Amino acid sequence: MNFSLKEELRKSGMVFLKGFIEPTVVTAFNEKVQDVLRTGAFGSHQYFEPHLGNGTPILGRLEFFLELDTLFSTLIYHQELISMLEFFFDARSVLFKEKLNFKLPFSNPYPPHQDAPAYSFFPVKRFLTVLVYLDPFSPENGSISFAKGQHVKGIFPFEKTGALSQSLCDQWDWTSFEGPSGSVIVFDSFVPHKSGPNRSNQSRRALFTTFNPLPEGDHRLHYFALKKKYFPPTTASRPGSEADLFNPFHFANPFL
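In our numbering, the protein residues as written are 13 to 268.
To be clear, the hints were calculated from the coordinates, so they are not data collected in a lab.
Since the structure is predicted, the reported quantities are computational estimates derived from the model, not experimental observations.
No incorrect hints appear here.
The list that follows gives simulated cross-link-like pairs (lysine-lysine, DSS-like), each with its CA atoms no further than 25 Å apart:
1) K206 x K18
2) K239 x K111
3) K109 x K160
4) K137 x K23
5) K109 x K239
6) K240 x K44
7) K165 x K137
8) K160 x K137
9) K111 x K44
10) K111 x K160
11) K165 x K206
12) K109 x K206
13) K160 x K172
14) K23 x K206
15) K172 x K109
16) K206 x K160
17) K172 x K240
18) K111 x K137
19) K160 x K23
20) K206 x K172
21) K240 x K111
22) K111 x K206
23) K241 x K111
24) K239 x K172
25) K206 x K30
26) K137 x K18
27) K165 x K18
28) K137 x K239
29) K241 x K172
Work the whole structure out from these sequences, hints included.
Right under this line is the structure:
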């Protein structure tokens, strides 16, 4: 395993691997997602967001979908990704949660934030998230940016929505990571990150899978049970609600 990647993760809070996943795996994953959506994706959690142009609800995220089809495991538990995570953890890993952000045309930006505050109620010392580009990332479609190196300073003060203050973020250097589908970013829960709106006419889909060291427990089912209770999946007809400081399941996101 590449020790320089482990050092980069330690220093920057994230590592970028351009075109890491085979195109055939990404294509098969995307096709299967469309299949399960056509049949209702029953059992998963779906969240909607307002269209930037006309405000109508559009699909923003799919969560808790691993069990819907065995093919999803091919990417979520991709052998090279799991080996890398366990090298970074120095321990076996276990899935904490999975989500797919669709980032459809005219989708909203995600404000600068850290993931750590949303996970603080679980007895886990370290989380790592794997981001897989399911479409190319570009400035036009809201590519993701990181404030590398800021993860070492702990949790920063955040606003009611979960967003970090603009005055604080203006002090940092932000690096945007454009790349082809199949690219991967591994990042820890303390590194600040953000993404812009999708102003293109194509989706900018992204798979996020968060893991923790297995010795610190398997919390996935508990996490999704709590989330379903405190931030239920939306439907296109459900009225919206503002992100709430006291609801870690509705934190720094644009969902209704």
